[in-house]
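Participant: One letter stands for each residue in the lines below.
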Amino acid sequence: MKERLARIVADLAADYADIRYEENKKTRVAYRGKRLELVSSYATSGGHVRVYADGGKATASFSDPGRVGSIADASLASARLAAKGRDRPLRLADAPVVTGEFPVSPRVDPLTVKLEEKIELLRHYNDLILREPDVLTSEAEYDEFGSKRLFVNSEGSIIEYELLNIGIFGRIVTKRGNVVQRVRFAFGGNEDFSRLYDRDEELMERVAIARKLLDASPPRAGIYPVILDPDEAAVFIHEAFGHLSEADGLQNNPAFREKLKIGTTLGREILNVTDDPTIPGHPGSYDIDDEGVAGVKTRLITDGVLTGRLHSRETAAEFGEPLSGNMRAVDAHFTPIVRMSNIFIEPGNSSFEEMVASIDDGYYLVGARGGQTSGDQFTFGAQWGYRIENGRLGGMVRDINMSGELFSTLRAISMIGSDLSFGERGGCGKGMPMQLNRKSGKGAPHIKIDRVTLGGV
Amino acid sequence: MHELIEKARRSVDGAELYWKRDHTISVRYENYRLQGMTEDELSSVALRVIAGARLGATYGVNPEEPGLIEQAKQAARFGDEAGFSFAGKADYESVENYDKRSEALTSADLVALCERVKERIAEERPEIPLFIVAGATKRDLVVETTAGAAGRDTSTRVTLGFGAPIKGAGIGVYKSDASVSPLDLDPALIDEFLEWYGWTENKSTPKTGRLPIILAPEAAYLFLLPLAAGLSGEAVEKGTSPLIDKIGERIVSERLTVIDDPLRDGDPGSRPFDDEGVPCRRRPLLDAGVLTDYLTDLRTGAALGRPSTGNGLKRELFGGGTETRPNPWPVNITVEPGDTPYREMISSLDEGLLVTGGMGFHSGNYPQGEFAVQAIGFHIKNGKVVGRLDRTMISGNIYKDFKDVAAVSRERRLGPGGMLPGGPVPYILVDSLRVAGE
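Quick note, the sequences are listed as chains W and A, same order. Under this note's numbering, residues 1 to 457 are what the first sequence spells out, in order. Under this note's numbering, residues 1001 to 1438 are what the second sequence spells out, in order.
Don't read these hints as lab results, they were simulated from the structure. Incorrect hints may have been included.
[As the list claims (entries may be wrong)] Pairs of lysine to aspartate or glutamate, EDC-like flavour, derived with a Cα cap of 20 angstroms:
1. K1118(A) - E1249(A)
2. K1314(A) - D143(W)
3. K26(W) - E1323(A)
4. K25(W) - E1323(A)
5. K34(W) - D1013(A)
6. K1384(A) - E1192(A)
7. K1207(A) - E139(W)
8. K1167(A) - E321(W)
9. K25(W) - D1184(A)
10. K2(W) - E23(W)
11. K148(W) - D1153(A)
12. K212(W) - E269(W)
13. K175(W) - D1245(A)
14. K1089(A) - D1013(A)
15. K26(W) - D109(W)
16. K1314(A) - D109(W)
17. K1246(A) - D1287(A)
18. K175(W) - D215(W)
19. K259(W) - D215(W)
20. K1314(A) - D1109(A)
21. K259(W) - E353(W)
22. K259(W) - D1390(A)
23. K1403(A) - D1184(A)
24. K1020(A) - E1081(A)
25. K259(W) - D1184(A)
26. K1384(A) - E1336(A)
27. K26(W) - E1249(A)
28. K1238(A) - E405(W)
29. K1403(A) - E1336(A)
30. K175(W) - E1370(A)
31. K1138(A) - D1184(A)
32. K430(W) - D1153(A)
33. K1238(A) - D109(W)
34. K34(W) - E132(W)
35. K1238(A) - E321(W)
[To be verified] Which residues of chain A face chain W? A partial, calculated answer using Cβ under 10 angstroms:
36. R1033
37. G1052
38. A1053
39. L1055
40. V1061
Just so it is clear, the structure is predicted and the values come from calculations on it, not from any experiment. Note that the Cβ used here is the ideal one computed from N, Cα and C, for glycine as well.
Start from the sequences and build out the full structure, keeping to the hints where you can.
Facilitator: Quick look at the structure:
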């Protein structure tokens, strides 16, 4: 296979061509309430071709590897047709030719753990939830995705690499009267099965929160100073800023390119934001991206100033900026797109207590509950929160949505904690068609934002 | 009958083959330039079996690959009690969901369509970074069971979307169209895009309080998705649906009639059978505001002691696909038109919002009917649009706030697909929703 694919891209009369071929193994186990609803373990395969010719580009996904030769030829013809629709040719930044193998080496390899043991571990956590009062139902899922990938390009790169990501995650659903509340939990997020053991205490804390939320009330709608916990702050930086660091989104958006020139001041000096696939153990950790480029640490914001951006070879050429190794595809059905790896706010000097003491009328928001951005507008939920009055934490609040405009909100980050922590579940949706990427890590310390809009009653 | 089913018959109690083959071409323009083309040939298979009364599933690329039955049997060893049987033999209604002209479309045809959109918009708005996406898919779907279901369907879908971000706003204006047949340039769609884009020059933030809201077809999911979540037999069975014991009750305004209509000819979401091989049927869900039925698939139907309504789809809030377990969803949800021209809705309002989208929907408590989103759309004052909404959140509960609907438009358009693909829906004027602005 390796030699055959390498020959196909080498022989194609294109400016550049690559093929990625994958064999993927997935295991999923799911409980819904008491029911073991899903046990499935299976393999799929497929590939993806990219061709640049005459400054135009075409891509193709395929299921049948026997068809790859004719698919590459068709893509070449499409790329030439695409070139006619452009006044400026697409170019690729120079990248080193890479040959070699990049396997993963987990402490406890999930592929060696019996399916029975995975089910048993999940059942254990699920039972812990279900035996508590007020619990209406649970959702608990074990998810394992292992991918062996082969990448060849017309420049001579031949790379075999592995991705492996496992996790246990789910939701606790509580109900009293007509009130239903949901709180999430997640363990794992890397290749090591041993990270899934001994998490009872954390899970029970989550169940306690889901019960207390039944007595909480929604926040009053308005504009407030807020503290975000690390989970919520990480989602904020991922959703609101991180996506605008991805150069493929900016490439053809002149207004944002202007707003996001390197050297632009985006926040106060305390603000530092980094994307780094090379730190091990997080959902977005990897050696090599799906364009055959090694992942590197990129400092996106340094002392409040925009200093870096995430790139493909195409966008790096377009922007005249260094390669970052952020081109990734969820699986063979998709073309790679520019994505964050592990994005995080670097730790600062403030303590949580100082942040609370600095707020007269505001909220402490905890636990991310999904988010969405469109350009510089963001909105996302928190799973729960607390009122802050006169420098003191007060009663619990629920059903919280916050929204705002990125640039003013970044400038409004006025305190950053020293307690950096990373989430254990990756997750990010991007692209048309949508690619849901589990291998997307995020982290942050507690942060204080002086003004955000909260929805509520 | 596929030989995999014949083979399965000899070693398990029941089996269901789901086999999907998509051939898709698409072209994408960004900032008026052709950015790239794709051509995908993808095949995927799901095999579910019942063995020893337990359910097991496995997935693969094509039905010929070895080991599928063994893998599914292995999964069934750990599987839940099936509690239902796979779909039996049935006659499927015919529906026009295939056009051979769509199958014959080439990338060059899609480029030609995009070029026409491009030229028309460039006449008026050469300065905006216009993007255009056009695609055509031919799908061969097979759903066959050992119980005799033999669904084979070939469908086509042609899609066109275009839009542009608004300078300095971070959001954009987007329009889309879809059809079973090749799409032509729809002048009305272009005109509305240009009109909406023109409305974005000024921004405007309403005062915090309650205001009337016109929900455009693009934003209909703010109402329909919480409704679909409540109608799902899954939520009814779990006890989380707010619609339990409400059949026969008026739950929203009598102006709202919602029909799941998988057999509407020419709609790209139409189909003769669901992903479990159960025949699809036209089914009123809300009849003049009165709840008439829940949606079930085989599994939730059996749990509720009733048959599947033919709504078992491999769909999730974001995407789904062959590896997704069937769940009850509307197949092709539509809302009946009213008699008010949409422009009269706008001119009738002293102050209100025309909502064309919302951000943050999925982080809200929508399964309970609630929504709280950052509103995308326009601010109306004295019967006229005064600008695009800025820093505006709307929130509410469809089972409270949609009890009072002032008007439903006579115009209908396909919603935007995405989280809730469906058929045509009108503009809906809701008496008032909570608005958080200035």
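Participant: For the pair we were handed, K175(W) and D1245(A), check the Cα-Cα distance against 20 angstroms.
Facilitator: holds (17 angstroms)
Participant: Taking only the CA atoms, is the gap from K2(W) to E23(W) under or equal to 20 angstroms?
Facilitator: Holds, at roughly 13 angstroms.
Participant: Going straight from one Cα to the other, do K26(W) and D109(W) come out at no more than 20 angstroms?
Facilitator: holds (14 angstroms)
Participant: Do the alpha carbons of K26(W) and E1249(A) lie within 20 angstroms of each other, as the hint requires?
Facilitator: violated (44 angstroms)
Participant: For K1314(A) and D1109(A), compute the direct alpha-carbon distance and say whether it is at most 20 angstroms.
Facilitator: violated (31 angstroms)
Participant: K1403(A) and D1184(A) were given as a pair; does the straight-line alpha-carbon distance stay at or below 20 angstroms?
Facilitator: violated (38 angstroms)
Participant: Is the Cα-Cα distance between K1246(A) and D1287(A) 20 angstroms or less?
Facilitator: Answer holds: K1246(A) to D1287(A) is near 13 angstroms, not above 20 angstroms.
Participant: Given G1052(A) as an interface hint, is its Cβ closer than 10 angstroms to any Cβ of chain W?
Facilitator: violated (14 angstroms)
Participant: Does K1238(A) pair with D109(W) here, judged by a C-alpha cut-off of 20 angstroms?
Facilitator: Not OK: K1238(A) and D109(W) at ~35 angstroms, beyond 20 angstroms, violated.
Participant: Take the C-alpha atoms of K430(W) and D1153(A), compute the straight-line distance between them, and say whether it is at most 20 angstroms.
Facilitator: violated (30 angstroms)
Participant: Can the restraint linking K1207(A) and E139(W) be considered satisfied, given a maximum Cα separation of 20 angstroms?
Facilitator: violated (40 angstroms)
Participant: Starting from K1314(A), check that the Cα of D109(W) is at most 20 angstroms away, please.
Facilitator: violated (31 angstroms)
Of the numbered hints stated above, those contradicted by the structure are hints 1, 5, 7, 8, 9, 11, 12, 16, 19, 20, 21, 23, 24, 25, 26, 27, 28, 32, 33, 35, 37 and 38, listed in ascending order.
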